[in-house]
Every structure is written in structure tokens, then in C-alpha cells.
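Novice: Produce the entire structure from the sequences given, and follow the hints as far as they go.
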Amino acid sequence: MDIKVLGTGCANCKNTVALIEQAAKAKGVSITLSKVEELRDIMGYGVMSTPGVVIDGKVVHAGGVPSREKIESWLV
Amino acid sequence: MGAPVKKPAKAGLFRVRILNMTAHSAPGFSQQLLDFPRHHARSFLALAAVLWWLLYSLLTPASEALVAMLPVDRASHLGGALQFFLYDAPKVLLLLTAVVFAMGMVNSYFTPERTRALLAGRSEGMANVLAACLGIVTPFCSCSAVPLFIGFVQAGVPLGVTFSFLISAPMVNEVALTLLFGLFGWRIALLYLGLGLSVAIVAGWVIGRLKMEQHLEDWVRDMPKVQATTGDQGLTLGERIAAGQASVREIVGKVWPYILGGIAIGGAIHGWVPEDFMASIMGRNAPWWSVPLAVLIGVPMYTNAAGVIPIVQALLAKGAALGTVLAFMMSVIALSLPEMIILRKVLKLRLIATFATIVAAGILLVGYVFNAVL
Chain A
1 MDIKVLGTGC ANCKNTVALI EQAAKAKGVS ITLSKVEELR DIMGYGVMST PGVVIDGKVV
61 HAGGVPSREK IESWLV
Chain B
1 MGAPVKKPAK AGLFRVRILN MTAHSAPGFS QQLLDFPRHH ARSFLALAAV LWWLLYSLLT
61 PASEALVAML PVDRASHLGG ALQFFLYDAP KVLLLLTAVV FAMGMVNSYF TPERTRALLA
121 GRSEGMANVL AACLGIVTPF CSCSAVPLFI GFVQAGVPLG VTFSFLISAP MVNEVALTLL
181 FGLFGWRIAL LYLGLGLSVA IVAGWVIGRL KMEQHLEDWV RDMPKVQATT GDQGLTLGER
241 IAAGQASVRE IVGKVWPYIL GGIAIGGAIH GWVPEDFMAS IMGRNAPWWS VPLAVLIGVP
301 MYTNAAGVIP IVQALLAKGA ALGTVLAFMM SVIALSLPEM IILRKVLKLR LIATFATIVA
361 AGILLVGYVF NAVL
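As given, the protein sequences belong to chains A and B, one line each in that order. Okay, so the first sequence: first residue is 1 according to our numbering, each after it adds one. Okay, so the second sequence: first residue is 1 according to our numbering, each after it adds one.
None of these hints come from the bench; they were simulated from the model. What you are looking at is a predicted structure, and each value in this text was computed from that prediction instead of being measured. Built from N, CA and C at the ideal position, the CB exists for glycine as well. Take these hints with a grain of salt, some might be off.
[Unchecked claim] List of simulated lysine-lysine pairs, BS3-like, C-alpha gap at most 30 Å: (1) A:K25 - A:K58; (2) A:K27 - A:K14; (3) B:K348 - A:K35; (4) B:K318 - A:K58; (5) B:K225 - A:K4; (6) A:K35 - B:K345; (7) B:K348 - A:K14; (8) B:K254 - B:K348; (9) A:K70 - A:K27; (10) A:K14 - A:K70; (11) B:K345 - A:K14; (12) A:K70 - B:K254; (13) B:K91 - B:K318; (14) A:K4 - B:K254; (15) A:K14 - B:K254.
[Unchecked claim] Among chain B residues calculated to face chain A with C-beta under 8 Å, some are: (16) S144; (17) P147; (18) I150; (19) L315.
Specialist: Okay, structure coming up:
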């Protein structure tokens, strides 16, 4: 499972990365997590408010730190 | 190498299993309580409102009773300051919680995508007014400023209208307004609202008139145009309540130390610093340069509305003029060096300079008008 966090490096983006890492570890799901910080690339996903989350090339979340339940629903 | 990596992962799994077991074997009272807002949305709202009102009306007697229990004379300076603190601090926090909760629910109707769709293709003028007003209700984090900016321009929102939104969103928000209302009264809060919106509307309109589209960075202009869509919506009332609770956790959870600090400063300096300490440099009869100076000092400072409130409180208490202080507050929130540096990625220098100059001019005008009228 390939997860990308879109964000220019603000505190919320870092929180999002940490939350996903924790949730994946707790669920025992193996993921490759990366950050997209270049604005041009972020805009390429059509996301307007960061942090955004992209799973296997599809935007699943944008604008704010996702809730724990939401993250867990992705990790199946 | 293998063992130390494996261990924490195992521990993590184990912990999760235990949590699941307890959740299954005891779907007890606490879980039901947690689910209550989601399953009984209307009753929850009514109950919360009643409870809030009760607490709010208890504030004065409770703070008086508390001070009476302390070994201080109520009539003394310290007694007065304590009662002020014990009354004001919970009052402002209660107000803030209610407003942030309500705004969190309102925000869930106004996603940035929907705002963009509302503004796309409109011509300037009324659209500037609409953009500035939408800036109040659209959730906005300063690190989203640039993606939002590009997203708006991409969907065909005029540049000036985009700026109206971008100026109003951080400057005129529910936290600033609630704090001003709680600490200085509704008159000052309304004035701040009106003036903040005016600065955003007029500055955006002027930038639109100047036709500065060619001063966007090239790659921004070359981005493919997109169709503005409203995005998926249709949350249930329960989900909106959850959104409200989340913003209370996020915003009130973050700003309460600033607020307590600000109110404590306001109470404490009452007796220590002479009443007219600031009057000579920032008071009503201060020289003309006091307003520009306040704006200039505000630019490199970077904090949110809650962080600046303690300073505002201290300045006002010491005889600084309201216009000068509001100009300072607006410049701290609306014009910040870090934001300009991020904006530089999408705007050419000339457009940034124009933006900063026009907003600064608007804020100066606010300061002078306020000082002259009040």
C-alpha cells in the first residue's frame, strides 16, 4: 500500500504522517509512506487544502489532520 | 538488528488486541456516552446549550464565592484582580468553546472547494464582498494559503477576489472576534469585524483593478484550468457535531494558555505599571508616526489571533489608543514575513510588494480613523 501525505511541511502535515505511521504499526499493515512537499506536485493532485492524503494514486482526504477512525478505515 | 525492531511492533499488536477485547466485552456506559452526540444529535445540542447557559450564568456568583473563600480582602487591589481573573478567564473560555464549536459545525458546510465553486467565474465587485465574508466561515490554516491561492486562480476566480479571501480568512476569524467580544465588549468586536472585512474587500478590489495577472509565477499561470466542483458533502448532523467537537479540541486546546496568560497579564499589570505608561508613545495624543510604527513592528511578528491578545490587553490597559492597537493586531495577523516568503513561490516580487503595500495602507487607515473617531 503506497501512501503519500501532501503538505508544505507545516505542523499539521507532520502530525498526519505520524498518525498514519502509528495506525499502520498498530494494525500491523505494511505501507510505504512518503511526503510530497513540492507545491507543483501537490497541486497536480488537485488538492487545495493541506494536509492531503493519497493512497495508491487516489486522493482520499484533504484539508486538516484526518481522524484516527478515518485513517484506520484506509488501512485494510 | 532484527530483535529490537520486532519487539515494539509485537507490543503494539498486543496492546491493540487488549483494547479490542475490552471494547467488545464491555460496551459499557462510557462508550454509550461517547456515542450519544452521534446517535441523538438534536438532544445533545439542546442539552449542551442548557448546560452551557447554566455554567455561564453561574460565573459571577461562583467567582465571588471563590474570592470570598481566599484570605484576601475583596476590596483590595489583589482581591479585585483575582475576582477579575476568576470571572474573566472561565467566561472567555466558555464563550470561545461555544463559538468554536458552532463555527466548526458551520465550517463543515463551507469547504474550500465549495467556496471556490461559489466564487468561480464571478466578476469583481460584489464577488470581493462575498469572498471576504466567505473568508470568515471557510476553515483555513495558514499553511494552506498557497495551495488555496493556486486552486482559486486555477478555477477562474479573479485575482483580486482571491486576494480578498486570502486577506480576510486569517484576519477576521471566530477566535479573534470572540476574544475581542469577551474581553473588550461587542462594540470593539463589531468594529474589528467591519474594518477587517473592509480592508479585505477594498485591498482585493484594488489589486484586481491593477491587472497584475502577469506577475503570477509562470508555472502557476500555465497550470491547467480546472472545473470548480463542490466536492462531496451531505454530512449528517451527528457528523457535523463531531466536526464541531474536533475544532474545539484543536483550537481551544491550542489557545487556552495564551488566553489565561493574557488575562493574567491584564489583571496583574493593573497595579504595577503606571496607567499612562504607553500613552505618550501609543496614546491618542501620540505623534502621527505611532500608527505606522505599530504596523511595522507587527509585520515580523508572527502569531495567531490568540497569541496577540495578551499584548493587546496589556497595551490597552496602559493607555494605548484603540486604533493604534487594532492596527498593530491586524498587521501581526494579516501581514507576516513567513507568509510572504511562502507566497513568493507563486507570486512575483512586484505582486507581493503591491499586496503588502495595499494591505498595510488599509490597516494604517483603520488605525487613524479609529483614533480620530473614538
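Novice: Could you work out which of the previously given hints the structure breaks and list their numbers from low to high?
Specialist: 4, 8 and 19
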